[in-house]
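Take a look at the letters that make up each chain.
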Amino acid sequence: MAGLTLASPSAERGVYSPWRETWRRYRRHRLAVISAFLLLVLVLAVVVGPFLWRLKINDIDIVAGLQGPSLAHPFGTDDLGQDILARMIYGGRISLAVGLAAMLVSVVVGTLIGSLAGMSRGALGHGLMWLTDLFLSLPQLPLLLLLIYLFRDGLKQMFGPEGGIFILIVLVIGGLRWMPVARLVRAQFLSIREKEFVEAARALGASPVRQVVRHILPNAVGPVIIAGTIDVAAAIIAESTLSFLGLGFPPDTPTWGRLLFDAKDFLDIGPHWALFPGGAIFIAVVAINFIGDGLRDALDARRVI
Amino acid sequence: MSQYVLRRLLIAIPSLLGISLVLFVVLAMAPGDPFAELATNPNVPPEVAAALRAKFGLDDPIHLRYLHWLSAMAHGDWGFSFVSRMDVDQLILQRLPATLYVIGSAQILALLIAIPVGVYAATKPYSLFDQIANTLAFVGFSLPTFFTGILFILIFSVTLDWLPLVYTTDVKGTGIRWVLEMIRQAIMPVAVLGLFQAASMTRFVRSAMLDVIRLDYVTTARAKGLGQAKVIVKHVMRNAMIPVVTLIALQMPAVFGGAIVTEQIFRIPGIGSLLISSILANDTPVVMAVTFVFACLVVLFNLIADVLYGWLDPRISLR
Numbered sequence: 001m002a003g004l005t006l007a008s009p010s011a012e013r014g015v016y017s018p019w020r021e022t023w024r025r026y027r028r029h030r031l032a033v034i035s036a037f038l039l040l041v042l043v044l045a046v047v048v049g050p051f052l053w054r055l056k057i058n059d060i061d062i063v064a065g066l067q068g069p070s071l072a073h074p075f076g077t078d079d080l081g082q083d084i085l086a087r088m089i090y091g092g093r094i095s096l097a098v099g100l101a102a103m104l105v106s107v108v109v110g111t112l113i114g115s116l117a118g119m120s121r122g123a124l125g126h127g128l129m130w131l132t133d134l135f136l137s138l139p140q141l142p143l144l145l146l147l148i149y150l151f152r153d154g155l156k157q158m159f160g161p162e163g164g165i166f167i168l169i170v171l172v173i174g175g176l177r178w179m180p181v182a183r184l185v186r187a188q189f190l191s192i193r194e195k196e197f198v199e200a201a202r203a204l205g206a207s208p209v210r211q212v213v214r215h216i217l218p219n220a221v222g223p224v225i226i227a228g229t230i231d232v233a234a235a236i237i238a239e240s241t242l243s244f245l246g247l248g249f250p251p252d253t254p255t256w257g258r259l260l261f262d263a264k265d266f267l268d269i270g271p272h273w274a275l276f277p278g279g280a281i282f283i284a285v286v287a288i289n290f291i292g293d294g295l296r297d298a299l300d301a302r303r304v305i
Numbered sequence: 001m002s003q004y005v006l007r008r009l010l011i012a013i014p015s016l017l018g019i020s021l022v023l024f025v026v027l028a029m030a031p032g033d034p035f036a037e038l039a040t041n042p043n044v045p046p047e048v049a050a051a052l053r054a055k056f057g058l059d060d061p062i063h064l065r066y067l068h069w070l071s072a073m074a075h076g077d078w079g080f081s082f083v084s085r086m087d088v089d090q091l092i093l094q095r096l097p098a099t100l101y102v103i104g105s106a107q108i109l110a111l112l113i114a115i116p117v118g119v120y121a122a123t124k125p126y127s128l129f130d131q132i133a134n135t136l137a138f139v140g141f142s143l144p145t146f147f148t149g150i151l152f153i154l155i156f157s158v159t160l161d162w163l164p165l166v167y168t169t170d171v172k173g174t175g176i177r178w179v180l181e182m183i184r185q186a187i188m189p190v191a192v193l194g195l196f197q198a199a200s201m202t203r204f205v206r207s208a209m210l211d212v213i214r215l216d217y218v219t220t221a222r223a224k225g226l227g228q229a230k231v232i233v234k235h236v237m238r239n240a241m242i243p244v245v246t247l248i249a250l251q252m253p254a255v256f257g258g259a260i261v262t263e264q265i266f267r268i269p270g271i272g273s274l275l276i277s278s279i280l281a282n283d284t285p286v287v288m289a290v291t292f293v294f295a296c297l298v299v300l301f302n303l304i305a306d307v308l309y310g311w312l313d314p315r316i317s318l319r
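Note that the protein sequences, when read in sequence, are chains A and B. Quick note on numbering: the first sequence equals residues 1 to 305 in full-length UniProt numbering. Quick note on numbering: the second sequence equals residues 1 to 319 in full-length UniProt numbering.
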């Protein structure tokens with residue numbers, strides 16, 4: 001290969017490791033670099049925040065209710081006088097954790113179904129793709145609401161109010177978002193499985209599982225990383241939407257969407273209450289989407305930057 | 001062409017059946033029993049409850065129950081809402097026009113923004129206009145509808161007091177005033193939903209246009225001496241719209257999700273807010289029926305997209 005690509009610009013600069021090359025390309029996307037920094041700040045804030053900002057999330061002080069931002073309460077207080085910054089730090093942990101966990105579910109399910117469909121040459125592949133298309137045409141939010149409505153009480157009894165809802169929301173959001181990943185993986189598999197190096201592995205007697213795990217999957221991972229990144233943003237929006245409709249986490253769990261739900265009846269007297277959590281959702285989502293865009297530039301090996 | 005439409009209709013039936021199967025399995029797997037209330041009610045003797053269970057076939061094997069439910073749905077017997085005290089199909093028919101009005105206007109608004117902006121951005125790629133449009137589109141689809149809705153209320157209702165906060169069906173006034181008032185109260189929900197849609201559509205239109213604009217036949221059209229406007233509109237756009245139609249059809253489930261949220265924020269009496277209120281009131285027949293209606297609407301829009309294909313690219317309908 002090296003002899004063939006001497007003319008390409010990257011060959012002249014010497015050979016980088018794949019990850020360094022990816023980082024070099026990623027750095028070119030200025031907004032993506034800023035977004036990665038913003039997201040890092042956000043994640044640090046919700047992880048380290050509770051150790052630095054020691055106000056409780058449920059300290060009720062009606063007299064200090066609905067105050068705008070001040071030194072004592074940088075993000076103001078809600079109608080019961082609870083500190084919004086402390087509640088947002090707590091809620092941010094949940095919102096971001098839901099996003100990551102739901103992404104893992106959708107990537108694992110999508111990769112599994114996509115690889116099965118991509119490796120099989122018969123009815124199984126067709127059947128799985130029909131299933132994927134069927135899931136794609138399901139109305140997601142109504143179905144999400146229906147599933148939560150039907151299974152909420154059962155899981156609450158099994159895992160406690162917060163744990164049960166967390167498992168349910170992660171499984172349902174992830175379980176309704178695996179289809180794009182499955183299609184991407186299948187498309188990648190269909191082309192990679194015919195390549196010479198896979199044929200060589202097959203000729204050397206590699207089992208189908210070894211072909212997939214050692215040879216095909218590592219080469220199909222780029223698009224999956226991009227789709228997974230964008231899935232985190234979509235899952236955060238889905239969770240906030242559920243909480244905003246009053247059907248997500250229980251009322252005393254202040255996720256960002258839940259804070260907006262509580263704030264929407266006080267828009268005229270306490271707009272700060274809605275603006276801070278809404279802004280946090282927006283920053284998280286826009287940052288993740290830009291990171292996905294930057295990764296698309298960085299991981300698409302055909303593009304020369 | 002009519003044969004093509006018929007074939008597409010026949011293909012839509014299995015997907016409707018598949019969706020109904022998914023919904024039914026979800027309902028059947030769910031813990032809890034629709035007759036639990038009857039069983040615990042001391043005024044209902046156990047034999048009556050058992051007779052009712054037998055009458056509604058609740059003890060039958062699951063595939064028989066599915067067929068029963070399916071044929072009841074097909075006959076228009078969608079059950080009775082105990083909360084609203086009326087038939088479910090009546091209730092949904094009452095609520096559907098508001099939803100379709102808002103979704104339809106929002107889609108039109110989105111197309112009116114996305115097509116000109118996307119096409120213009122694609123004719124001048126990486127220009128200042130393109131970069132600004134791209135960044136705005138990114139911001140637009142990262143702003144969740146519930147937050148834009150709240151921002152709009154905050155700006156246009158609370159601060160500026162230009163637009164009404166809450167949507168009503170019984171608008172006061174008659175004639176032209178009624179029409180104006182109907183339009184005025186729909187501005188915010190339609191804008192919220194439409195702008196969200198326009199953001200992702202603009203990106204679709206731009207990338208589809210960029211794929212087509214480099215092809216040889218476009219160069220040929222230019223070489224023939226056709227003007228820029230004619231080349232773009234007649235030659236490039238018609239072919240670029242084919243993938244755009246697919247992507248818009250694939251977006252429909254997300255549009256309905258957005259509609260549920262906007263209906264809830266602006267208290268529009270459509271089927272989305274009906275779904276939320278029935279969930280909060282444990283009104284299972286309505287919840288099932290509304291979910292199924294949303295599924296049918298998705299399939300219907302996919303069908304429309306397929307028919308549009310046939311019109312945009314006559315080769316497809318010949319296959």
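Careful: at least some of the hints might be erroneous.
To be verified - Distance condition first, Cα-Cα at most 20 Å in a straight line; then the derived SDA-like pairs of lysine to any residue:
1) 264(A) x 219(B)
2) 264(A) x 27(B)
3) 264(A) x 162(B)
4) 264(A) x 164(B)
5) 156(A) x 253(A)
6) 264(A) x 157(B)
7) 264(A) x 151(B)
8) 264(A) x 159(B)
9) 264(A) x 120(A)
10) 156(A) x 154(B)
11) 264(A) x 282(B)
12) 156(A) x 280(B)
13) 264(A) x 158(B)
14) 264(A) x 124(B)
15) 156(A) x 48(A)
16) 264(A) x 234(B)
17) 156(A) x 282(B)
18) 264(A) x 269(B)
19) 264(A) x 156(B)
20) 156(A) x 135(B)
21) 230(B) x 246(B)
22) 124(B) x 282(B)
23) 264(A) x 277(B)
24) 56(A) x 40(A)
25) 264(A) x 280(B)
26) 195(A) x 120(A)
27) 124(B) x 214(B)
28) 56(A) x 195(A)
29) 156(A) x 27(B)
30) 264(A) x 238(B)
31) 264(A) x 29(B)
32) 124(B) x 108(B)
33) 264(A) x 293(A)
Hints in this document: simulated from the structure, not taken from any laboratory.
Here's how the hints hold up against the structure:
1. Taking the CA atoms of residue 264(A) and residue 219(B), the gap is about 54 Å. The hint is violated against a cut of 20 Å.
2. A hinted pair counts as satisfied when its Cα atoms are at most 20 Å apart, and residue 264(A) with residue 27(B) does not qualify at roughly 32 Å.
3. Only pairs whose Cα atoms come within 20 Å are accepted, and residue 264(A) paired with residue 162(B) is accepted, the gap being roughly 19 Å.
4. Using a Cα cut-off of 20 Å, the hinted pair residue 264(A) and residue 164(B) holds, with the two alpha carbons roughly 16 Å apart.
5. Of the pairs offered as hints, the one joining residue 156(A) and residue 253(A) holds, with about 14 Å between alpha carbons and a cut-off of 20 Å not exceeded.
6. Using a Cα cut-off of 20 Å, the hinted pair residue 264(A) and residue 157(B) holds, with the two alpha carbons roughly 13 Å apart.
7. Under the criterion of a C-alpha separation no larger than 20 Å, the hint pairing residue 264(A) with residue 151(B) is consistent with the structure, at around 10 Å.
8. Taken as a hint, the residue 264(A) and residue 159(B) pair is honoured in the structure, with Cα atoms around 15 Å apart against an allowance of 20 Å.
9. For the proposed pair residue 264(A) and residue 120(A), the alpha carbon gap of about 51 Å is over 20 Å, so the pair is violated.
10. With a C-alpha separation of about 36 Å, the suggested pairing of residue 156(A) with residue 154(B) is violated against the 20 Å cut-off.
11. For a cut-off of 20 Å, the pair hint linking residue 264(A) to residue 282(B) is broken: about 24 Å separates their Cα positions.
12. The hinted pair formed by residue 156(A) and residue 280(B) meets the criterion: a straight-line CA distance of about 17 Å does not exceed 20 Å.
13. For the given pair, residue 264(A) sits about 12 Å from residue 158(B) by alpha-carbon distance, which is consistent with the 20 Å threshold.
14. The hinted pair formed by residue 264(A) and residue 124(B) fails the criterion: a straight-line CA distance of about 42 Å is larger than 20 Å.
15. Distance hint between residue 156(A) and residue 48(A) is unfulfilled; the C-alpha atoms sit about 29 Å from each other, more than 20 Å.
16. At most 20 Å may separate the alpha-carbon atoms for a hinted pair to count; residue 264(A) and residue 234(B) exceed this at roughly 47 Å.
17. The suggested pairing of residue 156(A) with residue 282(B) holds, with an alpha-carbon distance near 17 Å, which does not exceed 20 Å.
18. Note on residue 264(A) and residue 269(B): the hinted pairing holds, with a Cα-Cα distance of about 18 Å set against a maximum of 20 Å.
19. Restraint check for residue 264(A) and residue 156(B): the C-alpha separation of about 15 Å stays at or below 20 Å, so the hint holds.
20. Simply put, residue 156(A) and residue 135(B) have alpha-carbon atoms about 42 Å apart, too far for the 20 Å limit, and the pair is violated.
21. With a CA separation close to 24 Å, the supplied pair residue 230(B) and residue 246(B) exceeds the 20 Å bound.
22. Using a Cα cut-off of 20 Å, the hinted pair residue 124(B) and residue 282(B) is violated, with the two alpha carbons roughly 54 Å apart.
23. For the hint pairing residue 264(A) with residue 277(B), the CA-to-CA distance comes to about 17 Å; that is within 20 Å, so the pair holds.
24. Restraint check for residue 56(A) and residue 40(A): the C-alpha separation of about 24 Å exceeds 20 Å, so the hint is violated.
25. Our distance criterion of 20 Å between C-alpha atoms is met by residue 264(A) and residue 280(B), whose separation comes to about 18 Å.
26. Our distance criterion of 20 Å between C-alpha atoms is met by residue 195(A) and residue 120(A), whose separation comes to about 16 Å.
27. Note on residue 124(B) and residue 214(B): the hinted pairing holds, with a Cα-Cα distance of about 13 Å set against a maximum of 20 Å.
28. Straight-line distance between C-alpha atoms of residue 56(A) and residue 195(A) comes to about 59 Å, which puts the hinted pair past the 20 Å bound.
29. Annotation: proposed proximity of residue 156(A) to residue 27(B) holds, straight-line Cα distance about 18 Å (limit 20 Å).
30. Between residue 264(A) and residue 238(B), the direct Cα distance comes to roughly 44 Å. Violation of the 20 Å bound is thereby established for this hinted pair.
31. Distance hint between residue 264(A) and residue 29(B) is unfulfilled; the C-alpha atoms sit about 35 Å from each other, more than 20 Å.
32. For the hint linking residue 124(B) to residue 108(B), the alpha-carbon distance of about 25 Å lies beyond 20 Å, and the restraint is violated.
33. Proximity of residue 264(A) to residue 293(A) is assessed by CA-CA distance (about 32 Å); at most 20 Å being required, the pair is judged violated.
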